[in-house]
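Residue numbers (this note's numbering), protein chains in the order written: chain A, 1 to 163; chain B, 1 to 169.
Derived from the structure by calculation, the hints contain no laboratory data. A few of these clues could be false.
Said to hold, decoys possible - BS3-like mimics (lysine-lysine), calculated; alpha carbons at most 25 angstroms apart, straight line:
1. 22(B) x 134(A)
2. 68(A) x 154(A)
3. 2(A) x 22(B)
4. 22(B) x 70(B)
5. 50(B) x 36(A)
6. 50(B) x 96(B)
7. 96(B) x 70(B)
8. 134(A) x 36(A)
9. 70(B) x 50(B)
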Amino acid sequence: MKQVIQPPNRLAEAAVKDHGPNLETILQRVNAGIGKLQQDYEEALQAELRALGVAADLLAEAERGEAKRLLGELFDLAHEIRGLAGSFGYPLLSKIANALCAVIERQSAFDSAVVAVVLHHVGAMRAVAAGSVKGDGGSQGAELLASLQALTEKAAARPDPGA
Amino acid sequence: MPGYDLTRLNAVLVDDSPFMLKLLQMILRSMGIRSVRCFRDPVSALIEVKTFQPHLVVTDMLMPTLDGSKLTRALREEAAPVCFTPVLVLSGFTDKEHVIRASNSGANYVLAKPVSVETLHRRIISLIEDNRPFVRTPSYIGPERRIDKRRPPGPEQRSPAADADVLYI
Numbered sequence: 001m002k003q004v005i006q007p008p009n010r011l012a013e014a015a016v017k018d019h020g021p022n023l024e025t026i027l028q029r030v031n032a033g034i035g036k037l038q039q040d041y042e043e044a045l046q047a048e049l050r051a052l053g054v055a056a057d058l059l060a061e062a063e064r065g066e067a068k069r070l071l072g073e074l075f076d077l078a079h080e081i082r083g084l085a086g087s088f089g090y091p092l093l094s095k096i097a098n099a100l101c102a103v104i105e106r107q108s109a110f111d112s113a114v115v116a117v118v119l120h121h122v123g124a125m126r127a128v129a130a131g132s133v134k135g136d137g138g139s140q141g142a143e144l145l146a147s148l149q150a151l152t153e154k155a156a157a158r159p160d161p162g163a
Numbered sequence: 001m002p003g004y005d006l007t008r009l010n011a012v013l014v015d016d017s018p019f020m021l022k023l024l025q026m027i028l029r030s031m032g033i034r035s036v037r038c039f040r041d042p043v044s045a046l047i048e049v050k051t052f053q054p055h056l057v058v059t060d061m062l063m064p065t066l067d068g069s070k071l072t073r074a075l076r077e078e079a080a081p082v083c084f085t086p087v088l089v090l091s092g093f094t095d096k097e098h099v100i101r102a103s104n105s106g107a108n109y110v111l112a113k114p115v116s117v118e119t120l121h122r123r124i125i126s127l128i129e130d131n132r133p134f135v136r137t138p139s140y141i142g143p144e145r146r147i148d149k150r151r152p153p154g155p156e157q158r159s160p161a162a163d164a165d166v167l168y169i
């Protein structure tokens with residue numbers, strides 16, 4: 001049985017129209033706030049990238065069971081980076097992290113070709129960060145994303161070792 | 001043109017990433033929301049929401065112990081008025097499965113990370129101006145879902161699989 005209820009609008013009761021900041025003012029405040037958080041974020045990002053590098057180095061040598069754990073660790077780190085890097089001026093890093101998450105998510109079984117693709121993504125992220133590439137990286141950024149995509153598709157086109 | 005004065009609003013933020021919490025708290029405060037309580041642990045957030053009864057909950061999707069969908073569902077199963085608390089789910093996942101799961105949990109909106117300030121602000125204003133009726137069925141408790149199939153996917157209504165900024169549910 002479907003029941004339809006009109007809830008009280010507590011938000012509307014608390015909000016006062018035409019007496020608050022407009023979007024432009026809010027954006028100015030946010031930009032100032034991001035400026036203050038930027039240094040903290042840079043440090044947090046460097047720590048995440050170091051951890052990503054360590055996990056990737058271990059993955060390159062890992063056995064099947066350990067690889068699964070490391071891939072989970074790499075996913076968590078990439079997930080964190082994709083969610084925040086874009087807000088702090090690193091959209092290219094965020095896009096590569098997003099692509100890395102997608103590669104790990106799609107992997108159904110341990111596959112050395114997929115591990116190689118993962119390592120390429122991590123390498124690309126470290127290179128972008130080392131070059132302090134802010135923004136989308138222009139044409140080089142687009143080329144990098146396209147090459148990672150091509151590698152991913154090539155690995156995906158192989159027969160599934162888990163099938 | 002002035003916007004809404006949101007200084008009287010109380011919000012609860014839930015994200016296991018401390019940095020994301022800092023960022024979102026700063027954004028909500030920039031909008032004028034002074035009381036923003038932050039939780040890394042969704043279970044603690046749920047207890048807080050039941051007692052503190054905020055005007056708004058903004059939660060991450062992927063979290064250990066209790067993800068954003070389960071947190072939303074748990075809130076919707078509470079007694080009124082807690083069950084009516086507007087919930088915005090922020091998700092790093094924009095694939096169909098995750099969006100449908102968040103939608104089915106009773107979230108008011110599912111927003112893709114990285115969320116833009118404009119998008120978050122627009123959704124909060126929508127919650128103020130468009131108080132959707134709640135629907136209670138054996139399988140769903142939450143705001144009435146409106147999907148206008150006549151409209152082609154656009155910035156406000158895209159297919160769940162798209163790399164969407166906003167997913168209108």
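Against the structure, the hints come out as follows:
{"no.": "1", "hint": "22(B) x 134(A)", "result": "holds (21 angstroms)"}
{"no.": "2", "hint": "68(A) x 154(A)", "result": "holds (21 angstroms)"}
{"no.": "3", "hint": "2(A) x 22(B)", "result": "violated (40 angstroms)"}
{"no.": "4", "hint": "22(B) x 70(B)", "result": "holds (23 angstroms)"}
{"no.": "5", "hint": "50(B) x 36(A)", "result": "violated (33 angstroms)"}
{"no.": "6", "hint": "50(B) x 96(B)", "result": "violated (30 angstroms)"}
{"no.": "7", "hint": "96(B) x 70(B)", "result": "holds (17 angstroms)"}
{"no.": "8", "hint": "134(A) x 36(A)", "result": "holds (17 angstroms)"}
{"no.": "9", "hint": "70(B) x 50(B)", "result": "holds (15 angstroms)"}
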